[in-house]
Amino acid sequence: MDGIHDLGGMSGFGEIVVERDEPTFHEAWESLAFGLNVLAIAQLRAYNVDEYRHAVERMSPAHYLTASYYERTLTAVATLLVEKGVVDRATLLARAGGAFPLAQAVADVAPDGVTPPPEPRFALGDRVRVREMHPAGHTRAPRYVRGHVGEVVHVAPRFSFPDHAAHGLERRKEPTYHVLFSAEELWNDAAGSGESVVVDLWESYLLPAESGSGGVEPVDG
Amino acid sequence: MDGIHDLGGMSGFGEIVVERDEPTFHEAWESLAFGLNVLAIAQLRAYNVDEYRHAVERMSPAHYLTASYYERTLTAVATLLVEKGVVDRATLLARAGGAFPLAQAVADVAPDGVTPPPEPRFALGDRVRVREMHPAGHTRAPRYVRGHVGEVVHVAPRFSFPDHAAHGLERRKEPTYHVLFSAEELWNDAAGSGESVVVDLWESYLLPAESGSGGVEPVDG
Amino acid sequence: MAEPDRPAPVARRAFALREELEERGRLEPGQLEAIAQASEEQFDWRNGARVVARAWVDPEYRERLLRDGTAACAELGFAGPQGEYIVVLEARPELHPVIVCTQCSCTAWPVLGLPPDWYKSPAYRARVAREPRRVLREMGLELPESVEIRVWDTTAETRYLVLPLRPPGTEGMSEERLADIVTREAMIGVARVPAPDAGA
Amino acid sequence: MAEPDRPAPVARRAFALREELEERGRLEPGQLEAIAQASEEQFDWRNGARVVARAWVDPEYRERLLRDGTAACAELGFAGPQGEYIVVLEARPELHPVIVCTQCSCTAWPVLGLPPDWYKSPAYRARVAREPRRVLREMGLELPESVEIRVWDTTAETRYLVLPLRPPGTEGMSEERLADIVTREAMIGVARVPAPDAGA
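Chains as they are written, first to last, in my numbering: chain A, 1 to 221; chain R, 1001 to 1221; chain P, 2001 to 2200; chain G, 3001 to 3200.
Note that these hints are calculated values from the structure, not bench results.
These figures come from a predicted structure and were not determined experimentally.
Where a beta carbon is used, it is the ideal one built from N, C-alpha and C, also for glycine.
Among these hints, one or two may not hold up.
Said to hold, decoys possible - Label pairs and their calculated CB-CB ranges:
1. R:D1021 <-> P:E2033: 20 to 28 angstroms
2. A:D108 <-> R:S1211: 36 to 44 angstroms
3. P:A2038 <-> R:S1160: 23 to 31 angstroms
Working from the sequences, and respecting the hints, build out all of it.
Below you can see the structure in the form of structure tokens.
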């Protein structure tokens, strides 16, 4: 989804405030929220990490931006545990003694039908274009690189494709590529000089650079 | 700026809630906020409408999304009246009896050096590409059409170029063009069938379609 | 710009700004209320309904309206701020126009009035450019796939007004009665004008 | 999904979820506190500082670290969740790497620890991909225009660690003392390791 979480390149957020000698957790409930997520993923196996990230993304944008990091964690954990039937929403509300805002419903997402080739499709130095995709569900291709051309600078091992894993679709693994973009390519006349960005992208997000902006055709189609 | 106000195409906002027989103003302060803006623009001539729109856009994203429409109006009016020296921030705080969050500071913006030709550069039926611009200041070219190609379906009269007017830069007038984009051009594989979008764009935002994604070169450069 | 205190209630902030302007002699008592009241009277979507009704009964007016919306609206006395350049979008059986302002909430005030909350909501602004058919369906307007939906984003100074399809069963109705059945939603494009026997 | 009531305080919500899981037998008392405590111990940025110090004093380790970060970190005992595939980015005098996760806040937990609030803030995530030089300057790191700044966005499963430049004046320092002067900020790339006489 083209959601509020996809912040790369946005303006208006003001200064970055650094706290000196910051503790890992500021309040007791923060470590509970962190622990609940670890418990639910690693011990209860109630959901996977891609579902977790997507649940955070599904928070209403106003809630997302006003919540702290661990409030977002807590909201995602509670949302998924309710959706998976591990806990009951009404009981949770009663225990909390007030509203317990959850993330919004997940979209229906169909498998993309791509079968990644057995060998990595791209190699070091290849120029690739990010597909101009706008999926309804979870994706890890940020908007600010879609449609843009960069160069492969590293080929990473195969990892589970998150656009499927977050939606309980057929699990598949693909290489991810570290793709180097010049600031000029991404930000045009707003680019700073001597700046560049590397983004780590699953193979399905990429096309050879000489393709058009692409995206309607699946990679192997 | 690529700000939070530029909402076209974003996901995650949920349902549209329609109130039956809605009044123009729900509370007395809303009509005050509206009236203060009309007063400041039309009678005090403290700022222009482009500065007003940009002041709304300069609100912190979390405030923008949690404020109602008229709270955004009030925030922009107060910000500009403080910035223009018409009212004093400290006095305002004292009168309000609490914090009075204002918009963030305006960015430095330089004139773009474009001189629009005397006659409209494009005509009905022309295919044009929206520049891939990422200006630091106010603009009315939404992100979702930047880089995309559409067809001119209407040529409107010359209007003041807002990217200048919002920043007190040299005033100039340019035609605006109603540009028709297919949903496939904008949203690719996420496009609905039988859908299209028309966006009203100042001449400086546009290049002939056969140009590259452009934007580094000014239109008349 | 960090604010240590809690924001004052928004009403309190609005009154504080008014007091401050009065104190500085930039505002007379009652002036704001007069602006708001005049605006509510001048900027009324029922003006647009009268334009639509006239266009339905007068083919020459309809032609003028589609050719030069600003002048044709002014003929009926509807002009002013946010109505300096009005373009009227003709709904056709096979092409349905719908209006949005994705970046703020611009509207043709003299004929559509100050916009309703749903039109100003982030949800409408974000979604209708991307998935108009689904948005219209959610709002109660189910259009067949054969009808193209065209979204008009009010990004510059043109202000749009949708001229809706005249519903069947209104052949003998007077201009005044026709104006009564036109809705603001139909002139934005998120509804059609219902046929009178459908409960209008 | 509209909530008529005010949200309960976030702490109350967290405790409510814990109680509910305990009640349903999915959670033992103390289990969450144990997870959090073990995580704080296991995920410590000082581990990364030890990796950096080792690489500064041992050229062969440095080579292994840059070739296979995961294995070289594991050599020192640093591995685990969010450290399954670590890539080490070498800071060079002419090329300065900086790490971000624009979409959430992914970090190499075993060597960088759980990330600090500023790293998780919308401001850092939004801005550093777009205007890194300005962001670093605001955070106190002024780099000459001749130094290229390269931002690494943690969008997939690779977890990055910056190997900072070894500051001048540290030639005789022990590996332990070197580990003490390495900062978390330097391993993210928003700072350089200060020379010891500069107050470290």
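Hint by hint, here is what the structure shows:
A beta carbon spacing of about 23 angstroms between D1021 (chain R) and E2033 (chain P) agrees with the range 20 to 28 angstroms that was offered as a hint. The given range of 36 to 44 angstroms is respected by D108 (chain A) and S1211 (chain R), whose C-beta atoms sit roughly 39 angstroms from each other. Taking 23 to 31 angstroms as the suggested C-beta distance range, the pair A2038 (chain P) and S1160 (chain R) conforms, at roughly 25 angstroms.
Of the numbered hints stated above, none is contradicted by the structure.
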